[in-house]
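K.L.:
Note that the protein sequences, when read in sequence, are chains W and H.
According to this note's numbering, the residues represented by the first sequence are 1 to 370, in order.
According to this note's numbering, the residues represented by the second sequence are 1 to 130, in order.
Bear in mind the hints are in silico, worked out from the structure with no lab data behind them.
Yeah, the Cβ is synthetic: ideal placement off N, Cα and C, and Gly gets one too.
The reader is advised that the hints may include incorrect statements.
With a Cα cut of at most 30 Å, we get these calculated BS3-like pairs of lysine-lysine [stated by the list, open to error]:
1) H:Lys-23 <-> H:Lys-87
2) W:Lys-307 <-> H:Lys-23
3) W:Lys-23 <-> H:Lys-23
With beta-carbon atoms standing in for the labels, derived distance ranges [as the list claims (entries may be wrong)]:
4) H:Glu-13 <-> W:Lys-220: 24 to 30 Å
5) W:Asp-336 <-> H:Val-78: 44 to 50 Å
6) W:Arg-162 <-> H:Ala-65: 36 to 42 Å
7) W:Leu-8 <-> H:Met-54: 43 to 49 Å
8) W:Pro-172 <-> H:Glu-13: 48 to 54 Å
9) H:Thr-56 <-> W:Glu-269: 33 to 39 Å
10) H:Val-78 <-> W:Gln-351: 22 to 28 Å
Here is what each chain is made of, one letter per residue.
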Amino acid sequence: MTDTQVPLKRTPLRDVHAAAGAKMVPFGGWDMPVQYTGIIEEHRCVRSAVGLFDISHMGEFEVRGPGALAAIQTITTNDASTLAVGQVQYSLLCYPEGGIVDDLTLYRLAEDHYMLTVNASNIDKDWAWVTEGGRGGGWTNVSAETGLLAVQGPKAEALVQRLADRDVTRVPYYHFAQGAVAGVPCLISRTGYTGEDGFELYAPAAQLETLWHALMDAGKRDGIQPIGLGARDTLRLEMKFALSGNDIDETTNPLEAGLGWVVKPAKGEFVGRKAIETMRAAGVTRKLVGFEMAERAVARHGYRLLKAGDPVGVVTSGSFSPSLERCIGMGYVRADLAPVGAELDVDIRGQAHRTRVAKTPFVPSHAKKI
Amino acid sequence: MANVPADLRYTKEHEWAKLEGDKARVGITAFAQEQLGDVVFVELPKVGAKVTAMKTFGVVESVKAVSDLFAPLSGEVVEINVELPKKPEVVNADPYGKGWMIVIKLASAKEWDGLMPAGDYEKLIAAAGH
C-alpha cells in the first residue's frame, strides 16, 4: 500500500531529526518526527520550559502588488484591511457553500505585500484555490525555500532574546519583527499553536539547520527539547485549537466550528460570505465542543457521540491530556447538547463511555498578550 | 535493538508469552511499547474470559494510537494485571515485568510450539527496521 505512494517530502531538518533519535512518520505527505523521547514528556517540556518544533512542512504563499489586499479580501473570511504592517491575523479560506478549505495565518509584510501560512497537507489544494482565475494579485509559492521553527514555552522569549539582534520582548502577540536570530535572517512572529508564549521563526530553508542547532545549544540551560508532532497535537487539543482535516474541513463551516469570530461580512464580498450569512441567520444545528471523559478511555477521530444510545455527533480529535491527566476530545454535537456540562457518551469499540461537554480551553492560555 | 528475552515466546503481533506450568503470562514486547509510545490505557478481559490464539483479547492505547492485543495462546484468563488501569505507563517502563497483562490457563500445550522463539522474533523486528 505504501510502495505505490509518492515519496514523502522532507524538511531541511529531516536528517537532524533522525540523528536525534526521532520516530519518523508520514504526515500530510511529509516525513515528520512524531516524537523524540515521548509525547507526554515533550508536552510537559513545552508547558514548563521550552520546546523546539520543526514545522517547515507548513506552506507559505506571498502575494504582492496593488491588487494584493483585494485578492486576500476575496478569498479569506477575516478583514485583512485592519492589519498593520507587522501584524498577523488568523483567518479562513472557505468554499462558496461555506465549507472550510483551510485555516491560515496572514502576515502583512509591507504595504502591498502579504504572506499566508497554510497547513502542510493542504499546500497544493490551497495554492490552486488562491490562484484560481480572476482572484487577482501576484502570488508566489515560497513554501520550498521557507523553513519554519516554533519555539514555545514559558522560557521561549528569554531564549530567543539571547540570540536575537533586536528586542523581541516588545513584539506583541500576533505581531512580528524582521531581524536575525543566531545570525540567520528571520521573520520573528509571536504566534504559535500550543497555548504557550513563544515565537514562530521563518528562516531561509538553507540556513534552518544553523538556527536549529543555535536554539538547541542556547536552550540547554532552559531544558529545551525537540518536540514532535505528537505533542504538538496534544498541546493544541488542550487549547481546543482546530486541526485542519480533523476538526475543520469542507464538510464543516466556521460558525459551527466556533470560528465565527474570524468571519467579517461587513468587510464586503468574499467567497462563502453569502452561505455563511444564511447559516448565521438560520442558526447552526451542531457545534464543535470540547469534552472530558469520565474515565481513562480515549475517544478518537470518527467515534460516535451518543445521547441515551442515539447518535448525536462525532468525535473529531481525542487524546490523553498530559496536563490534566485525563482523556479529552473535541467533536461536533447537536446544538442543544453543546452547553458546558451536557452529559454524553462516546461509542468506543461498541461500548458507551461517559463524557461531558467541558469548558474550553481545557487549560489556560499562557500566550503573552502585550 | 529492542530487548528480546530468550526464555519467552513471541507472536508476530508483538505479544510475548512466558510458560508457567500449565499457564502462560502474556504482555507486549519492548519493541511494541517503543512503537506505540506512551501507553495511557489498557483494556483487558475479565478473569474467566475465554481467549483464542491470535484473536484479540484487549486493547492498548497510547497517546497517538489504539492497537488490538492478540492472545498468543488459547485458554481461560485466570488472572489480569489489576495495576494496569491505574498505571498503564508500566507497560512502557517494564514490558516484560510489571507491565504483564494477563495469565492464560492453556487449553492446549501444543500451541506453545507454534509461537516464535526469541531468535525468530529478533529477525522479525530487525526486518521491521530495528
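K.L.:
Hint by hint, say whether it matches the structure.
P.N.:
Here is what the structure says about each hint:
For the proposed pair H:Lys-23 and H:Lys-87, the alpha carbon gap of about 24 Å is at most 30 Å, so the pair holds. The suggested pairing of W:Lys-307 with H:Lys-23 is violated, with an alpha-carbon distance near 43 Å, which exceeds 30 Å. Distance hint between W:Lys-23 and H:Lys-23 is unfulfilled; the C-alpha atoms sit about 36 Å from each other, more than 30 Å. Between H:Glu-13 and W:Lys-220 the C-beta distance comes to about 40 Å, which lies outside the given range of 24 to 30 Å.
The hinted window of 44 to 50 Å between W:Asp-336 and H:Val-78 holds, with their beta carbons roughly 48 Å apart. Under the hint 36 to 42 Å, the C-beta atoms of W:Arg-162 and H:Ala-65, about 38 Å apart, fit the expected range. W:Leu-8 and H:Met-54 have their C-beta atoms about 32 Å apart, which leaves the hinted 43 to 49 Å range violated. Roughly 53 Å separates the CB atoms of W:Pro-172 and H:Glu-13, a value that falls within the hinted 48 to 54 Å.
Between H:Thr-56 and W:Glu-269 the beta carbons are some 55 Å apart, a value that contradicts the proposed interval 33 to 39 Å. At roughly 24 Å, the beta-carbon separation of H:Val-78 and W:Gln-351 lies within the given 22 to 28 Å, and the hint holds.
In terms of the numbered hints stated before, the structure departs from hints 2, 3, 4, 7 and 9, listed from lowest to highest.
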